[in-house]
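**Q** Chains as they are written, first to last, in full-length UniProt numbering: chain U, 1 to 670; chain S, 1 to 670.
What the hints contain is simulated information worked out from the structure, not anything from laboratory work.
Given the structure is predicted, the values throughout are model-derived calculations rather than measurements.
Any given hint could turn out to be false.
Repeated chains share a single entry, so a pair holds when one copy, or any two copies, can fit it.
Keeping only pairs whose Cα atoms sit at most 25 Å apart, straight-line, the calculated BS3-like set for lysine-lysine is [what the hints assert, rightly or not]:
| # | residue 1 | residue 2 |
| --- | --- | --- |
| 1 | Lys283 | Lys539 |
| 2 | Lys641 | Lys251 |
| 3 | Lys392 | Lys283 |
There are 2 protein chains.
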Amino acid sequence: MTHDSADTDGATDETHTDTISEYEAQLNAVLEDIDETPADESDVSLELPTLGLNRRDFMKAGAAAGVMGSLAGCTSLAGSTNSGSENTPHSSSGDVPSHIVPPGEHDEYYGFWSGGHSGDIRIYGLPSMRELTRIPVFNPEQAKGYGFDKKTSDMLEEAGDYTWGDSHHPSLSETDGKYDGEYLYVNDKAHGRVARVNLTYFETDAITNVPNVQSVHGCCIQSPDTEYVFANSEFRTPLPNDGRDINNPDKYVSLFTALDPESMEVLWQVEVDGNLDILDTDKDGRWAIASAYNDEEGVEIEEMTKNDRDFVKAFDVPAIQKAVDAGNYKEVNGVPVVDGTKSSSLNKGDNPIVRYIPTPKSPHCVEVEPNGKYAMVAGKLSPTVSIIDIEKLGSASDPKDTIVGQPKLGLGPLHTTYDGRGHAYTSLFIDSQVVKWDIETAVNSPKKSEDAILGKIDVHYNPGHIQAIQAMSTEPTGDWLVVLNKLSKDRFLPVGPIYPDNDQLLYIGNDKDNETGGMELVSDHPVYPEPHDAIFASKDKISPAKTWDAADYEGEKEYVKESNSRVERIDDETVEVYTSVKRSEYGLRDFTVKQGDEVTLTATNVEGSQDIVHGIAIPEHNVHLALAPQDTRQATFTADKPGVYWVYCTYFCSALHLEMRSRMIVEPRE
Amino acid sequence: MTHDSADTDGATDETHTDTISEYEAQLNAVLEDIDETPADESDVSLELPTLGLNRRDFMKAGAAAGVMGSLAGCTSLAGSTNSGSENTPHSSSGDVPSHIVPPGEHDEYYGFWSGGHSGDIRIYGLPSMRELTRIPVFNPEQAKGYGFDKKTSDMLEEAGDYTWGDSHHPSLSETDGKYDGEYLYVNDKAHGRVARVNLTYFETDAITNVPNVQSVHGCCIQSPDTEYVFANSEFRTPLPNDGRDINNPDKYVSLFTALDPESMEVLWQVEVDGNLDILDTDKDGRWAIASAYNDEEGVEIEEMTKNDRDFVKAFDVPAIQKAVDAGNYKEVNGVPVVDGTKSSSLNKGDNPIVRYIPTPKSPHCVEVEPNGKYAMVAGKLSPTVSIIDIEKLGSASDPKDTIVGQPKLGLGPLHTTYDGRGHAYTSLFIDSQVVKWDIETAVNSPKKSEDAILGKIDVHYNPGHIQAIQAMSTEPTGDWLVVLNKLSKDRFLPVGPIYPDNDQLLYIGNDKDNETGGMELVSDHPVYPEPHDAIFASKDKISPAKTWDAADYEGEKEYVKESNSRVERIDDETVEVYTSVKRSEYGLRDFTVKQGDEVTLTATNVEGSQDIVHGIAIPEHNVHLALAPQDTRQATFTADKPGVYWVYCTYFCSALHLEMRSRMIVEPRE
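Please take these sequences and the hints and turn them into a complete structure.
**A** See the structure below:
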């Protein structure tokens with residue numbers, strides 16, 4: 001098994017003579033060492049860097065697939081022992097601010113986690129890392145009545161009527177490059193969807209089922225003023241996917257989609273070569289930059305990883321908009337689709353709408369640094385990060401010349417974040433480490449990656465996304481960083497065969513000349529599968545409402561006063577029930593319907609006090625509404641079984657909460 | 001509005017002359033004081049006790065309803081200000097062990113939280129209070145594929161096919177009075193259901209839809225050896241609830257149900273007067289003791305709270321079993337229903353099957369102390385806890401003589417827990433406090449409740465359940481206590497109109513002669529709505545499996561090896577697809593079906609390594625399976641749309657996770 005020297009246009013100018021078997025042998029030696037000293041896992045990870053970066057070169061990806069598969073997860077490192085981790089030392093130099101938020105005090109930052117295949121957004125406080133709430137997005141969720149009341153169930157139904165989703169990349173709306181606290185946008189990788197969360201009410205208020213795409217992966221707003229929301233479709237499918245071309249993979253396509261952030265309507269799409277992956281934009285409203293893989297356009301893993309390179313796509317957004325405005329598109333399912341493939345006439349000449357920038361095989365992510373100068377493309381299968389000079393995207397005649405640095409950082413680099421002091425932090429999936437490095441040194445000393453590396457710290461285990469506070473905006477704070485580790489193995493009490501992930505909090509406020517470059521591991525946090533990414537904002541950026549404003553929904557729904565609680569029979573099989581809700585009391589003490597009636601229940605929480613939420617549960621009818629103060633919700637159900645059903649309040653609201661009930665009487669029909 | 005002196009047989013021997021208006025005036029005075037000093041809320045609560053317990057007597061409940069409703073939640077305390085809480089001092093005497101669990105170390109205890117109307121069980125580590133995982137129970141949940149794979153979706157369908165549930169009271173199986181780590185049982189208040197969680201796999205493995213009942217509220221195992229699981233139906237409904245007696249509330253009934261903990265079959269039910277509420281058992285296998293309200297058997301709140309007293313029910317389990325064995329029951333929907341009403345012949349004579357013990361109106365809970373001597377019944381609308389001497393349940397000729405103490409503790413006592421050192425801790429919902437008191441002093445000095453009170457501590461706000469470590473077993477540890485507060489108001493960063501609850505951790509290991517009796521508030525934890533109750537076990541008590549054991553399911557499902565991945569066409573409209581799953585690779589790289597086919601997908605995770613979980617997602621088909629190592633799951637769906645669909649892995653499993661895919665090709669039909 002020979003590891004050919006890599007042919008990576010613009011990727012690196014060193015030669016690569018390592019073989020996979022040599023690489024394997026080195027790793028095996030490390031693993032054998034580990035087996036002999038299982039008691040202290042910290043030693044294990046500290047050993048790994050001493051293998052030397054110069055021996056961890058770019059692997060020819062196709063041949064590496066098997067090795068990566070067997071190594072990935074580093075399962076052998078932990079094996080099935082559980083005792084090792086308890087001896088892991090927890091060093092703290094004493095100059096790290098406390099991450100403990102005492103009772104009654106508030107966190108400094110909001111964290112917005114995407115819940116992965118839980119489909120939700122989770123809100124954390126930092127630095128305490130306490131979960132403040134969850135916002136159901138693609139997942140019907142009973143506690144908040146999401147997908148149970150008419151408004152949200154209609155929204156989910158219109159967005160494809162899917163019972164789940166896979167939320168990956170949350171993006172906060174910006175004004176002038178700063179988070180403005182209005183909205184959060186997030187993709188659904190399980191379907192071609194993009195959702196918007198309203199940050200006044202902390203509720204999902206729109207979901208768009210994007211035509212022509214099966215899986216939205218990368219997703220972000222356009223910096224600095226949220227003029228677009230962009231969405232990458234990852235999976236290549238026939239266009240449209242209606243049964244044509246099913247056995248003709250050459251005709252499958254991947255699309256870059258632009259949405260209107262207000263209306264959430266799809267504006268246009270751009271067809272490209274390969275599978276699009278993750279996405280970020282520059283800070284000036286021109287470039288959207290996407291990682292991509294499978295330039296081979298294969299359908300099996302060996303085909304997808306056959307070549308040595310892939311191409312990052314840089315979308316010239318004003319140029320695309322101009323093409324659309326000029327009618328240079330075909331329309332598919334009502335959407336203008338612009339040809340952005342390499343062979344497109346729109347990509348010929350001096351002003352291509354999409355630039356194809358060669359990088360080592362299967363890069364994973366693109367993150368633009370806060371000052372907008374560089375975009376970092378982590379290598380995943382390559383130990384490098386490719387540094388793209390954004391200014392050169394518009395000027396370089398050869399796209400590969402936009403890559404101005406390519407430091408070798410370690411095995412499995414996936415994501416990069418920033419502290420605003422010129423440092424980048426990259427997660428190393430296979431090494432289970434975070435590497436801190438100096439950006440300008442990496443650019444200016446391209447031959448000596450070691451000079452750029454400021455330190456490494458072990459994380460536990462197999463980190464995916466990492467994110468520092470406000471690093472996706474122009475205002476990074478440079479104090480805390482969260483590493484989202486995919487595996488936790490022995491870090492927590494066991495909870496059965498499905499393990500939690502492990503989010504780790506690092507303090508990065510101290511730059512030091514030590515092994516970690518000053519990074520300190522502060523705390524471990526088990527998390528329900530599978531938080532994917534996170535984005536953080538200062539508490540001053542977010543101003544949620546404490547109650548609903550009835551005026552917000554005027555005309556859309558009926559506010560039910562106590563005095564107006566009533567039952568209206570529409571026809572022999574249709575009944576409308578209206579009830580107010582307040583502590584201890586529903587406006588309707590009871591109501592009678594007939595077996596088989598379709599009942600529409602409308603309920604208003606007439607209270608004005610914060611934190612006084614009421615529920616309406618109807619046993620055996622799949623009805624549960626959650627009513628915050630001044631909110632009105634509706635549910636429609638069929639009263640199909642005669643009998644007595646006790647409507648009760650699910651939010652513990654008063655000392656007489658238990659007695660807070662209404663009685664639905666369903667009269668038998670003949 | 002006159003507050004009559006309470007007529008509470010056996011409830012208290014003091015006279016009560018306070019009026020509601022007097023009570024209201026006192027509270028208003030307190031609230032006015034609070035308005036003047038909003039900056040420090042700790043002062044607010046500290047003021048409250050100085051009102052004097054002697055002025056906070058038993059309130060005639062019917063008349064009190066309005067007051068309680070308006071006071072409940074103590075909304076006026078916080079109003080809409082947000083600034084006050086940040087000044088709350090956090091006192092720590094320095095002799096409290098750290099609740100921080102450093103990275104790599106394990107918690108000491110498991111906590112099992114019921115998720116309330118989230119319908120799940122949540123697993124926490126204590127003292128860190130980190131959520132380790134969640135176990136979906138009554139809620140279909142996508143991340144673990146619960147309700148998505150055949151096994152769990154069939155279980156949910158057979159248990160009523162409801163889309164949600166309301167889990168309230170978790171109970172751990174015991175052997176010899178000690179938690180044995182086998183099972184956890186929990187009720188569904190939204191329906192008449194009881195579920196069992198298997199603590200080897202941390203997965204719900206049985207749900208029983210109990211006949212004849214609409215809402216199971218109280219639920220617990222029988223101590224000391226889990227010979228039964230008991231379930232109280234709270235709502236009174238016609239028997240059976242099939243359209244008969246709908247307007248005849250006198251004929252509505254509430255039932256006490258016994259289930260077999262192994263088969264989860266319903267064994268028998270006992271009809272009683274009033275609405276059953278919460279439940280605990282003695283430690284000797286004889287008595288199950290239930291709180292109850294609405295002895296009036298009214299249907300509206302004023303009717304339910306008209307009288308001054310209610311009756312705790314003590315079920316003599318062996319006597320009931322004897323009556324069942326002797327055929328003294330009627331059968332309803334296949335279940336033997338024994339008459340346990342006051343007027344039943346089985347309750348005449350010296351050995352009634354159910355004893356009716358008078359207490360002040362609407363008591364809330366029953367908790368038996370760890371040594372099995374006393375059962376505490378918190379007053380809710382009465383400021384007292386009634387102490388039942390369990391030994392006297394079998395000997396006292398008058399049931400009221402079983403009450404051997406009734407200390408007045410504060411406003412809104414709801415739940416009691418224990419430290420094993422002779423102290424009880426009772427949550428005070430309206431006072432927003434926990435009171436620590438000495439049990440034997442309360443029994444021996446019945447006229448002077450003050451002597452029994454050892455201290456009070458403010459909690460934030462409106463506590464429901466409280467629970468100390470292993471206090472429901474015979475092995476309390478007496479170190480940590482969790483208070484589940486229903487409102488959090490200004491304790492956390494705001495997250496929109498639906499607030500988190502607030503679980504607070506107290507250290508109770510120090511007995512001190514100070515204001516709090518040594519209790520110290522350690523940490524605040526926001527929680528998603530609406531954790532209802534919790535139960536804690538030492539980490540040594542629980543031994544979860546790290547992978548599935550394929551042998552456990554032999555015969556029930558097919559283990560799909562890599563070599564056996566295949567597609568089998570059953571008939572023109574039915575296809576069976578079998579695939580193995582391992583890192584980077586599905587056994588089937590692609591498979592083809594025809595439009596309209598019913599497809600049954602069977603998949604096995606063939607890996608043996610812990611923490612290597614794989615998902616199977618099929619976009620646009622509502623398919624998501626979560627496969628832990630050695631697990632096999634099935635999903636059935638209709639391939640209704642022609643096209644190409646990319647099956648992908650949702651658990652980030654390796655560096656080539658992104659490339660881990662299969663391709664479902666759906667051929668168009670003519």
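**Q** Does each hint fit the structure? Answer for all of them.
**A** Verification of the supplied hints:
| no. | hint | verdict |
| --- | --- | --- |
| 1 | Lys283 - Lys539 | within (23 Å within a copy, 50 Å between copies) |
| 2 | Lys641 - Lys251 | between (53 Å within a copy, 19 Å between copies) |
| 3 | Lys392 - Lys283 | within (14 Å within a copy, 77 Å between copies) |
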